[in-house]
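*Asks:* Below, each chain spelled out in residue letters.
2 protein chains.
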Amino acid sequence: MTTVNITAAVIADLENIVGQSFVFADEATRIAYGRDETEDFSFPPAVLVKPSNPKEISDILQLANRHRIPVTPIGARTGLSGGALSIHQGIGLSMERFNTIIEIDEKNLQVTVEPGVITQTLQEAVLDKNLFYPPDPSSRGSCFIGGNVAENAGGARAVKYGVTKDYVLNLEMVLPTGEIIWTGANTLKNATGYNLTQLMVGSEGTLGIITKIVMKLLPKNTHTILMLVPFHNASAACEAVSEIFRAGVVPSALEFMERDALEWALRYVDDSPMPIGDHIQAHLLIEVDGNYPEVLFAEAEKISAVVEKFDIDEILFADTEDQKNALWKLRRAAAEAVKSNSVYKEEDTVVPRYELPKLLQGIKAIGLKYGFKSVCYGHAGDGNLHVNIIKGDLTDAEWTTEIPKGIREIFELTVSLKGTLSGEHGIGLVQKNYMDIAFNTTQLHLMKGIKDLFDPNGILNPGKVLPDNIGQQS
Amino acid sequence: MTTVNITAAVIADLENIVGQSFVFADEATRIAYGRDETEDFSFPPAVLVKPSNPKEISDILQLANRHRIPVTPIGARTGLSGGALSIHQGIGLSMERFNTIIEIDEKNLQVTVEPGVITQTLQEAVLDKNLFYPPDPSSRGSCFIGGNVAENAGGARAVKYGVTKDYVLNLEMVLPTGEIIWTGANTLKNATGYNLTQLMVGSEGTLGIITKIVMKLLPKNTHTILMLVPFHNASAACEAVSEIFRAGVVPSALEFMERDALEWALRYVDDSPMPIGDHIQAHLLIEVDGNYPEVLFAEAEKISAVVEKFDIDEILFADTEDQKNALWKLRRAAAEAVKSNSVYKEEDTVVPRYELPKLLQGIKAIGLKYGFKSVCYGHAGDGNLHVNIIKGDLTDAEWTTEIPKGIREIFELTVSLKGTLSGEHGIGLVQKNYMDIAFNTTQLHLMKGIKDLFDPNGILNPGKVLPDNIGQQS
Chain A
1 MTTVNITAAV IADLENIVGQ SFVFADEATR IAYGRDETED FSFPPAVLVK
51 PSNPKEISDI LQLANRHRIP VTPIGARTGL SGGALSIHQG IGLSMERFNT
101 IIEIDEKNLQ VTVEPGVITQ TLQEAVLDKN LFYPPDPSSR GSCFIGGNVA
151 ENAGGARAVK YGVTKDYVLN LEMVLPTGEI IWTGANTLKN ATGYNLTQLM
201 VGSEGTLGII TKIVMKLLPK NTHTILMLVP FHNASAACEA VSEIFRAGVV
251 PSALEFMERD ALEWALRYVD DSPMPIGDHI QAHLLIEVDG NYPEVLFAEA
301 EKISAVVEKF DIDEILFADT EDQKNALWKL RRAAAEAVKS NSVYKEEDTV
351 VPRYELPKLL QGIKAIGLKY GFKSVCYGHA GDGNLHVNII KGDLTDAEWT
401 TEIPKGIREI FELTVSLKGT LSGEHGIGLV QKNYMDIAFN TTQLHLMKGI
451 KDLFDPNGIL NPGKVLPDNI GQQS
Chain B
1 MTTVNITAAV IADLENIVGQ SFVFADEATR IAYGRDETED FSFPPAVLVK
51 PSNPKEISDI LQLANRHRIP VTPIGARTGL SGGALSIHQG IGLSMERFNT
101 IIEIDEKNLQ VTVEPGVITQ TLQEAVLDKN LFYPPDPSSR GSCFIGGNVA
151 ENAGGARAVK YGVTKDYVLN LEMVLPTGEI IWTGANTLKN ATGYNLTQLM
201 VGSEGTLGII TKIVMKLLPK NTHTILMLVP FHNASAACEA VSEIFRAGVV
251 PSALEFMERD ALEWALRYVD DSPMPIGDHI QAHLLIEVDG NYPEVLFAEA
301 EKISAVVEKF DIDEILFADT EDQKNALWKL RRAAAEAVKS NSVYKEEDTV
351 VPRYELPKLL QGIKAIGLKY GFKSVCYGHA GDGNLHVNII KGDLTDAEWT
401 TEIPKGIREI FELTVSLKGT LSGEHGIGLV QKNYMDIAFN TTQLHLMKGI
451 KDLFDPNGIL NPGKVLPDNI GQQS
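If you read the sequences in order, they're chains A and B.
Everything in the first sequence is counted per the UniProt record's numbering, starting at 1 for the first residue and increasing by one.
Everything in the second sequence is counted per the UniProt record's numbering, starting at 1 for the first residue and increasing by one.
What the hints contain is simulated information worked out from the structure, not anything from laboratory work.
Everything numeric in this text was worked out from a predicted model, so none of it was measured.
Check before you lean on any hint, since a few could be wrong.
[To be verified] Derived pair list, reagent style DMTMM-like, types lysine to aspartate or glutamate, alpha-carbon separation capped at 20 Å:
| no. | chain 1 | residue 1 | chain 2 | residue 2 |
| --- | --- | --- | --- | --- |
| 1 | B | Lys129 | A | Glu243 |
| 2 | A | Lys302 | B | Glu294 |
| 3 | A | Lys107 | B | Glu308 |
| 4 | B | Lys448 | B | Asp468 |
| 5 | A | Lys220 | A | Asp166 |
| 6 | A | Lys358 | B | Asp105 |
| 7 | A | Lys373 | A | Glu336 |
| 8 | A | Lys220 | A | Glu103 |
| 9 | B | Lys418 | A | Glu106 |
| 10 | A | Lys302 | B | Glu106 |
| 11 | A | Lys129 | B | Glu243 |
| 12 | A | Lys216 | B | Glu243 |
| 13 | B | Lys55 | B | Glu179 |
| 14 | B | Lys216 | B | Asp166 |
| 15 | B | Lys358 | B | Glu412 |
| 16 | B | Lys55 | B | Glu172 |
| 17 | A | Lys309 | A | Glu239 |
| 18 | A | Lys302 | A | Glu314 |
| 19 | B | Lys160 | A | Asp166 |
| 20 | A | Lys448 | B | Glu179 |
| 21 | A | Lys418 | B | Glu106 |
| 22 | A | Lys216 | A | Asp128 |
| 23 | B | Lys216 | A | Asp166 |
| 24 | B | Lys448 | A | Asp452 |
[Claimed, not checked] Short derived list, chain A residues pointing at chain B, Cβ under 8 Å:
| no. | residue |
| --- | --- |
| 25 | Leu109 |
| 26 | Glu151 |
| 27 | Gly154 |
| 28 | Thr187 |
| 29 | Tyr292 |
| 30 | Leu446 |
| 31 | Ile450 |
Backbone N, C-alpha and C fix where the C-beta goes; we use that ideal spot for every residue, glycine too.
Please put together the full structure from these sequences, using the hints given.
*Replies:* Spelled out as structure tokens, the structure:
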């Protein structure tokens, strides 16, 4: 899709639809909504609109179809794959006014929420009713729940509780052609037609714009135990991960942090609770949760018995809520800490968890070959390793021509280990031209066919997810 | 799609593909493979083939595309919505030779299995390795895991552990046009392109033929407590269901059986363990599971405290494995017991669980209006109620013209309660012309578009899932 000029007539139409005060063509607004948390990119929309209901979105999309104007849905701009960047300018469509928790249904353990609600706000609102929404992305304090659905976000608790897709029961959405539909029903089970709900989850705003989300909830847990295990060897930390599950324990979090990740996070967060021993290469942050403290002690003991077979320092048990919060704050700060340190590219590799040591070693070897430093951390219990490639002293030429070859090798390794490109960040803009590593032309043509079915004029979030050149069908 | 004659040349081509001994055109075989467990239907294929690998299936589908011959995938023929019936004759494609458990991956808690493996065989094989495959359809002793994936089967444990879709990580499938693809990756998390895996699960053999399934497993649980609670009032039993969750307990099974369902099952199963009190109208069968007996006792006490607020008789606790097995055998026998009693139609209604009392009362009122008796039981924890409509003394005319009007009213009620047509049996043949109750033409055209994308010639399992007439797009 080529860039289209937005005429004064289109602006006037947009103002008619959403009201004059919710259409923005000024540079400051356009620039602010042209960024997310992906590298240092800037792709401002030609005009930003802030609709407040599905009908307005429907009208905007119909207008966009008539004039073939690209429309990019924009959430909280915390994305890490560039999904919300208006790379073809056009209309940026901010979902920030969809910010209502419509109903917390305590009788059915469900919540109906608009997509612009901040994830942590949702978590806390249901917790007030003794209910639990488990998915917990590190950006929960600022990201929108709609973005979580669009990217199929995960986070630390996915290892026990699953990812966003496992909580979405039903979606109200506006199709790219303007029709407003529900994708399913508000039921825990559903074997009624094709699963449009799960097709939408993770489709990164390319198949429709989500306007309401019905999610299931769980009864809340009352207790957690959190432990930090320092390893002398990073690969050994990865090895310990699958051993814990084989001991019959499913932790509620099982996070891996390379030494650098923790060290940079400690420097980034002021109230650092502890020093790191000189010979420590990595940490596992492990949580168990439930309602029965004696069970959690038993599980923590099983975990201790597993990790003590490896070369570790003393395990730190967080005894108080403050200690627990401090550790989680560090873990959540890792991404920002790395970002504050240098321009970087973040890859979101995921493999079957037993393959983690091979993945980590392979990444380091590829780094040596291409001359880049990487800082790795992530949700090891899911086999999900975030690889932060640091620009540091690399030249712009190396950064733009050589490093992508190294990234390609990382993804080839990931796929050879039966993993894939992204566990929870999505493909968006920055990974789309690696999609040929995970999928052949038959698979990509199926995905393109789905895109064309939903969005015949290709107006919605063009240039995302699917590679620029799919090639001839085999 | 119209019925096509299978010529001698086509038979010869099929023999070339799978070998002469795996092509069957004799009447006995055709009739045997023309039935499943749906009512008393008989739709024999013109010819039955038994391929043994994806390449053979690919060749068969390419042949079928050249001649526009309908192909119906056939599993264990335990389906309850007629999905495996060769309603347009053509080629019946039995998956029974895909009967290998390829790998139980203890390191990653995954299993790779062919679709023709019996579900219970899979459950027991992984249990031997101390692993747990939770989905547990009542037909587990005879159904195929591939059929479970095609229908997104559930069963009693879905209330705590989810349904088949929640365990499928990756699928090898043959597209209707013959290409062999994998749908995803062997990872717990995946945010890489559109979710073809979840689009396939529950698509009832209309979008492709599954040839390998990669599923996640859990560590096994060591203990269960099973309790049977007799209620004086069936609606009260339904009300108790959502109260249990609101007390903070998630049982591993929460089954509802109307008096008739249990009584008929007791008569059907020889070694009946107990009589039913005169004034008992319904039972809840409730299981909790885990590794810590003291926790299960505490949870069972919480459940007891909830149900004792209702008008119940004494709770029966199954103390031994034999007693537990006897109770589960009764519950699983309910469907067969009803079937042995009369011709019947089974609907698989599902609603948010708090709406169950309204659903049950509504069904009984609709039964009075149309003069039919119904026997209801099901997975009440999921809001999933199986409604068995008994032919009994109804005339054939009443059965074929009046009863469908009553069924339409049942589904209208279900959808008005924010539920849908099928929780776990699928739409197949018998519910397809009720799909307009759950979906409007926009939604149905999207589903039809997906079908046409995957299967441009409409050769694969034609006449299933989607209604005969979708109508003009609104």
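*Asks:* Determine which of the earlier numbered hints do not hold for this structure and return their numbers in increasing order.
*Replies:* none
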